[in-house]
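Asker: Spelled out, the chains give:
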Amino acid sequence: MDSGNRGEKIPLGSTISTEGEAVITVDRVAKKYCKSLKRSMRYGISDILRNAVGLSSHPEVLRPEEFWAIDDISFSVQKGEIFGIIGPNGSGKSTLLKMLNGIFWPDRGSIRIRGKVVSFIEMGAGLHPVLTGRENIFFNAALVGMAPHEIEGKVEEIIKFADIGEFINIPVRNFSAGMWVRLGFSIASHCDHDIFLVDEVLSAGDLSFSLKCNQHMKTLREQGKSIVIVSHNIPVIRKICDRVIWLGKGKILALGEPDDICDQYRIQVESMAD
Amino acid sequence: MVESEIIYLPDNAIRMGYLNLIRNMAKTFSRNPWLFWHFMVRDFNATYKQSYLGVFWAFALPAMSVGIFTLLKGAGILSVGDVEGPYILFAVTGMVFWQIFSQGIIASTSALTNAGWMITRVNFPREILVFSAVAQSLVSFLIQLIILGILFIWYRLTPPPTCVLLPVLILPLILMTLGLGFILSVLNAVFRDVGLVISYLVMFLLFITPVFYAKKVHGFLGLISDYNPLYYLISVPRSLVITGITGDLVGYGLATFISVVIFFVGWMVFHLAGVRITERV
Chain A
1 MDSGNRGEKI PLGSTISTEG EAVITVDRVA KKYCKSLKRS MRYGISDILR NAVGLSSHPE
61 VLRPEEFWAI DDISFSVQKG EIFGIIGPNG SGKSTLLKML NGIFWPDRGS IRIRGKVVSF
121 IEMGAGLHPV LTGRENIFFN AALVGMAPHE IEGKVEEIIK FADIGEFINI PVRNFSAGMW
181 VRLGFSIASH CDHDIFLVDE VLSAGDLSFS LKCNQHMKTL REQGKSIVIV SHNIPVIRKI
241 CDRVIWLGKG KILALGEPDD ICDQYRIQVE SMAD
Chain B
275 MVESEIIYLP DNAIRMGYLN LIRNMAKTFS RNPWLFWHFM VRDFNATYKQ SYLGVFWAFA
335 LPAMSVGIFT LLKGAGILSV GDVEGPYILF AVTGMVFWQI FSQGIIASTS ALTNAGWMIT
395 RVNFPREILV FSAVAQSLVS FLIQLIILGI LFIWYRLTPP PTCVLLPVLI LPLILMTLGL
455 GFILSVLNAV FRDVGLVISY LVMFLLFITP VFYAKKVHGF LGLISDYNPL YYLISVPRSL
515 VITGITGDLV GYGLATFISV VIFFVGWMVF HLAGVRITER V
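Protein chains in written order, with the working numbering: chain A, 1 to 274; chain B, 275 to 555.
For reference, chain B alone in the conformation it holds in the complex (with noise of 0.2 Å):
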């Protein structure tokens, strides 16, 4: 048997050096990947089965979100501008990306200081808490993508070619909301305000987003969009499954590599934080 040695050392994470680092970050699943798939079983069904309507709750607060949007768009009290496709496919499509963002972020805000009490008994890879997190949103995803399927079928339209690239698409979506969740996570467990304001942060951050309408071009809204990540990496993939046709691929190669960059800056942060937070939680 392979012995394995380990040195507790102080201020040991900065000690190992970066490549160290990045090396150990990469094994958090190669060694753990039951870990993984409990966490996510586990999760999945504290969703799922204690709550009385289940899976329908995937459905029911986006729907809900657009309900009330088409509602007073239709009475005249919201223009929303020029939008691709029917404005509901329109908005459930903007949604159902917006929600993989913020279910995830709000979801892994939490994730560490709900684990608190197997944080501080076990030795295990923090990681994975924030991932298991996320990934909860992804199926949500999931499951939303059959409404989109049957508003589709309603509308009458066939979605373009480019609808295949959608795993591709939303990745980006994907490391931006983990990068900020581990960042948010940490904050949170040293400072608990991070958990309370993150759901007004997210909502304020839904509305300055072109989710519900589509994007000015001119003004100070306009300008905030076009410097806004979330913007690119949710109209895009929109509007490449609606129409097939996006005008903004620039602005979206750069969201991407932003998102990158977040994600493994945060998760480095997250790593190198470990034991302080365990203290702290």
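Only chain A is shown next, with the shape it has when bound in the complex (with noise of 0.2 Å):
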């Protein structure tokens, strides 16, 4: 995401990427969370008036009450991928895709992301309650920085993909779940910026748009977008991922091709539930 006032940007000008460049590149990244909510609020403080005067907060090191949800984490996407995120609940995937999106910043190691970043993450991401599904999609645009007549031409394309009829004039507050998703994920979808992250509140959709996400992420890797998607729904992992991470307790547990993957964290499970 284009927005420079939470990271280091250095313009690459005109530099035509080749295939198969890294668009994300995750370097030994962990990131923690603190148990207590005063000690949550001391330290907030303490971290904030440290950073004011210049000071580091020193984020590698362990305060008490705090623990690493995210524990030395290094994997790179490459341009044009599809990429997927497995893991149990709790494991940090959420965690790693809001720290790719700039919400957090890591506390040890490095991400760096190269191209504009849209994200369609959590339920009501967004989307603004009040807001009718039409001026919502304006209102998304500007969120992620987009100017009103650069989405002006795509309006119709989003509301004919989202398909919910009538309730493109209703206030968005009104809608159920799926159709919340099916318009987020159609306005996100496309905006036209080169990296997608999507997680598993996807499933909320009907069986139909589901099928047509998928045909979607598969043409937009076809226009050299990169896509990220955290989901429990294993099977559309292995149909369109070309690379899958499984995560547990914070750490990579296996990272390579679907099948292999997805096999052995069906096994593990399976293996567990016993």
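A hint or two may mislead.
Claimed, not checked - Calculated pairs, DMTMM-like style, for lysine to aspartate or glutamate (alpha carbon to alpha carbon, straight line, at most 25 Å): (1) A:Lys154 to A:Asp71; (2) A:Lys212 to A:Glu200; (3) A:Lys79 to B:Asp522; (4) A:Lys38 to A:Glu21; (5) A:Lys35 to A:Glu66; (6) B:Lys301 to A:Glu150; (7) A:Lys79 to A:Glu156; (8) B:Lys301 to A:Asp192; (9) A:Lys35 to B:Asp467; (10) B:Lys301 to A:Glu66; (11) A:Lys35 to A:Glu122; (12) B:Lys490 to B:Asp522; (13) A:Lys79 to A:Glu135; (14) A:Lys38 to B:Asp467.
Claimed, not checked - Per the computed footprint, the stretches of chain A lying under chain B, defined by three or more beta-carbons under 8 Å from a beta-carbon of chain B, are: (15) 37–51; (16) 54–60; (17) 105–112; (18) 145–155.
Keep in mind the hints are simulated off the structure, nothing from the lab. Even glycine gets a Cβ: it sits at the ideal position worked out from N, Cα and C.
Join the two chains, each given in its own frame, into one complex according to the hints.
Answerer: Following this line, the structure appears as structure tokens:
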């Protein structure tokens, strides 16, 4: 995402990216959370004050009641690749996606992003309840930094893809979860950004929409966009991903071909269930 | 297409250096003018469209406060000192300027926490929330200027030529409001008590600042007012709007300087706090 106020920004001029060049590079990244609310407040103020006067807040040190939600993760996503992330609940998948989106900073390591990022993560992301579906298209475009005229030409396409009929002119707060997903995914995926992050909220869409999304993501890949998808829907992961990573307790357990990794994951889950 | 590259590192904010930081802060607007517009319109509709009385709320609260004070003064319970112009005009003008500050501060404090659902999911420049909150109080101000106009007509007074300076005169007050708004919104995200306490704090400030009464020259209250930048930021524009002359220009100059400093410091702290707020909102 083109928000340089949260990272160093080095314009690369008109460098043409070659096929297979990494658009996302995650290098030995870690992120910690605080268990206790009161301590979290104290740490928060101390970090803010230290940063305000130019001191480091020593994020690599684990203070009392803190734990690593993500611990020493490294991988890269190539241009024109669909990259899947699977793992049990609480393994750090959402945190990782949020770091790729620039919402959290890593506490160790670095993340390098080449290109503009748009995400469709978690219920309610980016859609404003009071506005209608149509108004939300413009609002969401503004949120990801697009001018009204840039999104103008795509409005009909977005509405057609979402396929929610009359509801496009009704306030979003009246939508069902599925309609929300239809509209949200439609807007995010038509933004023409280079990197698209999407998570398990996509499963709220019905079967026909699910198939439409898979097809659309493959089309985006052909256009040279990169997609990072977090999902519990293993069959879909197998079908559309180029590479898959398996996260557990904040660490990478395996990385490789979709079928391979999914098999390993399935075997482990089934053996634990016995 | 120009490709941009971003690198996220721990303690990202301080690595850029202050110069880059300021440059990035300035870019907030140049890159997202439509986003600011969206938030402004949304906040405006939220305030006025869904309420039955709509725009009348902008008049109602100041009118009530001024009404109460006039009543108490008339009954001899309160003595307000020697005020410039008719008391109601004096009080309403003061109140209208005060509203920019009080409404701006209170709205900014909860601006971040109210937008929590957006902040934790979408990456957008958060300062727009605070700017939009203060812009709302400016919109109320513009609406209240209408009452002011009506009062001038009622009292058959012509506003002095210094009235044209009004947009410039309220600028320091706006900067002060923004600066404090930035700091308070960050504090509120971490300590929720701030939001609860702020309305009382603002009311307290209202009473010790000569908005409804003339400034006392002697005594403890006079001393506080001498050093209260809000006094200068409100009474100087008020004097220039009602009578056209004021004696507190030095104080006003100092108060302006303080406001500018608070504005920059506040914005910078807000900017650096960035992600820490997201984690706690």
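Asker: State for each hint whether it applies.
Answerer: Structure-based check of all given hints:
Straight-line distance between C-alpha atoms of lysine 154 (chain A) and aspartate 71 (chain A) comes to about 40 Å, which puts the hinted pair past the 25 Å bound. For a cut-off of 25 Å, the pair hint linking lysine 212 (chain A) to glutamate 200 (chain A) stands: about 16 Å separates their Cα positions. A distance of roughly 64 Å separates the Cα atoms of lysine 79 (chain A) and aspartate 522 (chain B); the hinted pair therefore is violated under the 25 Å criterion. At roughly 44 Å between alpha-carbon atoms, lysine 38 (chain A) and glutamate 21 (chain A) are farther apart than 25 Å, so this suggested pair is violated.
Proposed proximity of lysine 35 (chain A) and glutamate 66 (chain A) is supported: the alpha carbons are some 6 Å apart, at most 25 Å. For the suggested pair lysine 301 (chain B) and glutamate 150 (chain A), the alpha carbons sit about 20 Å apart, so the restraint of at most 25 Å is met. The straight-line distance between the Cα atoms of lysine 79 (chain A) and glutamate 156 (chain A) is roughly 28 Å, outside the 25 Å bound, and the hint therefore fails. Proposed proximity of lysine 301 (chain B) and aspartate 192 (chain A) is supported: the alpha carbons are some 22 Å apart, at most 25 Å.
For the proposed pair lysine 35 (chain A) and aspartate 467 (chain B), the alpha carbon gap of about 20 Å is at most 25 Å, so the pair holds. A hinted pair counts as satisfied when its Cα atoms are at most 25 Å apart, and lysine 301 (chain B) with glutamate 66 (chain A) does not qualify at roughly 35 Å. Taken as a hint, the lysine 35 (chain A) and glutamate 122 (chain A) pair is honoured in the structure, with Cα atoms around 22 Å apart against an allowance of 25 Å. The straight-line distance between the Cα atoms of lysine 490 (chain B) and aspartate 522 (chain B) is roughly 14 Å, inside the 25 Å bound, and the hint therefore holds.
Restraint check: the Cα-Cα separation between lysine 79 (chain A) and glutamate 135 (chain A) comes to about 32 Å, which exceeds 25 Å; the hinted pair is violated. Taking the CA atoms of lysine 38 (chain A) and aspartate 467 (chain B), the gap is about 13 Å. The hint holds against a cut of 25 Å. Counting residues of the segment 37–51 of chain A whose CB lies closer than 8 Å to any CB of chain B gives 7, which reaches the minimum of 3, so the coverage claim holds. As drawn, the segment 54–60 of chain A meets chain B at 6 residues by the rule of a beta-carbon pair under 8 Å; at three or more, the given contact holds.
For a cut-off of 8 Å, the count of residues in the segment 105–112 of chain A with a CB near a CB of chain B stands at 8, and the three-residue condition holds. Coverage of the segment 145–155 of chain A by chain B holds. Counting CB-CB distances below 8 Å, 3 residues qualify, and the rule asks for three or more.
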